[in-house]
Every structure is written in structure tokens, then in C-alpha cells.
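Trainee: Could you put the whole structure together from the sequences, leaning on the hints where they help?
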Amino acid sequence: MNFTETLILALSAIWAHKLRSFLTLLGMIIGVTAFMVVLSLLQGFNVYIDEKIAGIGSNSFTVMRFNFEDFKDTDAISAAQRRNKDLTFDELEFIREHAQLIDKIGAKANPNTRELQRSGTILQDVSVDGAEPIISEIENLDVAEGRYFTEAENNNSMRVAFIGSEVAKKLFPFGSAIGEEFTMQGIPYRVIGVQVEKGSVFGIPQDIFVQLPLKTYGSNFGGLTRSRGLYFKAMPKSPQLFNDAVEEARTLMRTKHKLAFGEKDNFGIFTPDAISKLRTSILGPVFIVILAVPGIALFVGAIVIMNIMLVSVTERTKEI
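With this note's numbering, letter number 231 in the sequence shown gets 233, and the count goes up by one each step, no holes.
Hints are computed from structural coordinates only; laboratory data are not their basis.
No residue lacks a Cβ here, since even glycine has one placed at the ideal position from N, Cα and C.
One or more of the hints may lead you astray.
Claimed, not checked - Simulated pairs of lysine to aspartate or glutamate, EDC-like, Cα-Cα distance not exceeding 16 Å:
#, residue 1, residue 2
1, Lys106, Glu95
2, Lys258, Glu95
3, Lys239, Glu249
4, Lys239, Glu141
5, Lys87, Glu249
Stated by the list, open to error - The following label-pair restraints were derived from C-beta to C-beta distances:
#, residue 1, residue 2, range
6, Asp275, Pro207, 22 to 28 Å
7, Ala146, Arg256, 21 to 27 Å
8, Gly46, Pro207, 18 to 24 Å
9, Ile180, Phe263, 49 to 55 Å
10, Leu44, Gln126, 35 to 41 Å
11, Glu183, Leu43, 42 to 48 Å
12, Asp92, Glu265, 15 to 21 Å
13, Met38, Thr185, 30 to 36 Å
14, Asn61, Met38, 31 to 37 Å
15, Phe301, Asp144, 44 to 50 Å
16, Met30, Asn61, 44 to 50 Å
17, Asn158, Ser240, 31 to 37 Å
Mentor: Given below as C-alpha cells:
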């Protein structure tokens, strides 16, 4: 029997058993399609997360009171709260004076939520924080309108504000927000800048915020207490020096805290790589479970195909 006769025989068998052929094809389509769709979605989600992490700042790192390990369980959290002290301006100045590989470093304060008011319009649950002017360069802020605040405005605790695009739209819907005022806890603030629309990161909106000069934030909100504690953002002199700059910052912080050799850090340093590793450790098992679902569909499809083939072989055996 040559190839042509074999092909004709196969097509005849398919045509003679339409339902069986359809079920075989359906099993293959469902299994393979389900697997490919889920795999594509997971790959797209990974790309999305990587883009968002890069948008947070791929060439900067953050020095904070806690690190990832401090949140692994309740005992670790309690121990870290006793061990890790709030960061201070003394530590910031120490790094500024002694760092050789860090180009820029500045302080920010943890945010709080507040209510904004203007001409009868009330905007609730707005994230409010404080920052030093150098932060705009470290975070490479995109200004849609106006400007960021200056050193003079920070040093004099001026009541000026840099706001998100959504805040500008809701409080000033009929014109430019620059030069206009809103009140927060009865205190007026003048808008000097609006950030370019950012959308959201991991479902958290990035356009509903008010950022004040750090000293304004401290003086108008009862001081930089634990709930408004400091953290530092830094940028190396070049991307090639990133890891060395991180280690330099760690060494300087350990020196300032007088930690002995081998003693655990009582602070945390967050880098984009560390966030990516945390992402992998959290989402890795989730991805495996998700992939198991189309894997089951593929397995069921294989069983369907196997049973149909078994029926075909049984029929052929009887004919022989």
C-alpha cells in the first residue's frame, strides 16, 4: 500500500466516523488552547509587573526602617519593632557626607490619608506625604504643569503642594490648578505643580496624592512621628555602580548604628531586584497552581483521544 492509498484510507475512516473524529479534534483543541491561553496570560502579567517595577525606579534604591524578612510572621514583626529604630536626619547627613558612590540621596516621609476641600468640593482618602526637593530628580518625576518645590520652600516650610493629575481634575475641573488653593485640615495650600498621569501600579492609584515639602509636612502634621517616619531614596553615580552603592549605603548605616560584625541589620534596603525576587517567591507557587488547571484539561483531552483510538483499534481487530 503506497502513501496515496494510505491517505485515502485515513480520510475515508475520518469521514465514516464524523463524531469520533470531531471528539478527537475537540479534545486536542481544548487542551492545547487552554494551556497556551493561560501561559500567555501569565507571561503578559510578568511583563506588566516588570514594567511597573521599572517605572518605580530601576536606578534607585530605598533605605527604610524594616526589610522584607521582618514581615514573615508576627514574632519577626514584634522583634523588628523593638530592634529597628526610626530613621533620622542624622543618618541621612552621615550618608551624604561619607558616601563616595551615591550621587543623590533624599528623605521622604510615610504617607497619611487626608480630606481635601475646595469651593464645596470634598475629596476624601487622598494620600499625603512629604519629600525633599532632590526627590524629584531621584524619582525622575514627570511634571505635566508647573514645577516641583524648591529648597527655599522646604527650608521655610512653605504651604505649597505638588499634586496628582486626578486630584487636579476633581478639585479644579474648569481650568489650570497652578496657583490655585485647596484646604486640608483647615490649612490652605497653594498648588505649584501637577504630575503627569500615571494610572495605577498593582491596582493602587498613582494620581490621587498630595506631596508637600518635607518640613512643611512635619510642621503641619504634628512632626515626623512613627506614623510619618522617614525613609531615604538614593541614586548611584552610574548604573554600573548600583550594587556597590547599595553596599556602601548598608555599610554606612551599620557604622552609624554601631552594629558589630555578624550582627543583623536593624534597617532595610529595597532594590528593584529585591522586589522582583519577592514577586517570584510569592507568585511562583500561584503560577504553578494556575498552570495545573489547563494541564488537567490537556490530560482529559489526552484521555478522550486515547479512548477513541482504543475503540478504533478494537474495531479494526474485529475486522481482521
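Trainee: So, for every hint listed, does it hold in this structure?
Mentor: Hint by hint, here is what the structure shows:
Note on lysine 106 and glutamate 95: the hinted pairing holds, with a Cα-Cα distance of about 12 Å set against a maximum of 16 Å. Note on lysine 258 and glutamate 95: the hinted pairing holds, with a Cα-Cα distance of about 11 Å set against a maximum of 16 Å. Using a Cα cut-off of 16 Å, the hinted pair lysine 239 and glutamate 249 holds, with the two alpha carbons roughly 14 Å apart. Taking the CA atoms of lysine 239 and glutamate 141, the gap is about 14 Å. The hint holds against a cut of 16 Å.
At most 16 Å may separate the alpha-carbon atoms for a hinted pair to count; lysine 87 and glutamate 249 exceed this at roughly 20 Å. Between aspartate 275 and proline 207 the CB atoms are about 26 Å apart, so this pair conforms to the stated range of 22 to 28 Å. At roughly 41 Å, the beta carbons of alanine 146 and arginine 256 sit outside the given window of 21 to 27 Å. With their beta carbons about 21 Å apart, glycine 46 and proline 207 fall inside the hinted range of 18 to 24 Å.
A hinted range of 49 to 55 Å for the beta carbons of isoleucine 180 and phenylalanine 263 is consistent with their spacing of about 53 Å. A C-beta distance of roughly 36 Å is found between leucine 44 and glutamine 126, which places it inside the suggested range of 35 to 41 Å. In this structure the supplied range 42 to 48 Å holds for glutamate 183 paired with leucine 43, their Cβ-Cβ distance being about 46 Å. Taking 15 to 21 Å as the suggested C-beta distance range, the pair aspartate 92 and glutamate 265 conforms, at roughly 20 Å.
Take methionine 38 and threonine 185: their Cβ atoms lie about 55 Å apart, and the range 30 to 36 Å is violated. Between asparagine 61 and methionine 38 the beta carbon distance is about 36 Å. The supplied range of 31 to 37 Å therefore holds. The beta-carbon spacing between phenylalanine 301 and aspartate 144, approximately 49 Å, falls within the hinted interval of 44 to 50 Å. Methionine 30 and asparagine 61 have their C-beta atoms about 47 Å apart, which keeps the hinted 44 to 50 Å range intact.
At about 34 Å, the CB distance of asparagine 158 to serine 240 agrees with the hint of 31 to 37 Å.
Violated hints, listed in ascending order, are 5, 7 and 13; each of the other numbered hints is respected by the structure.
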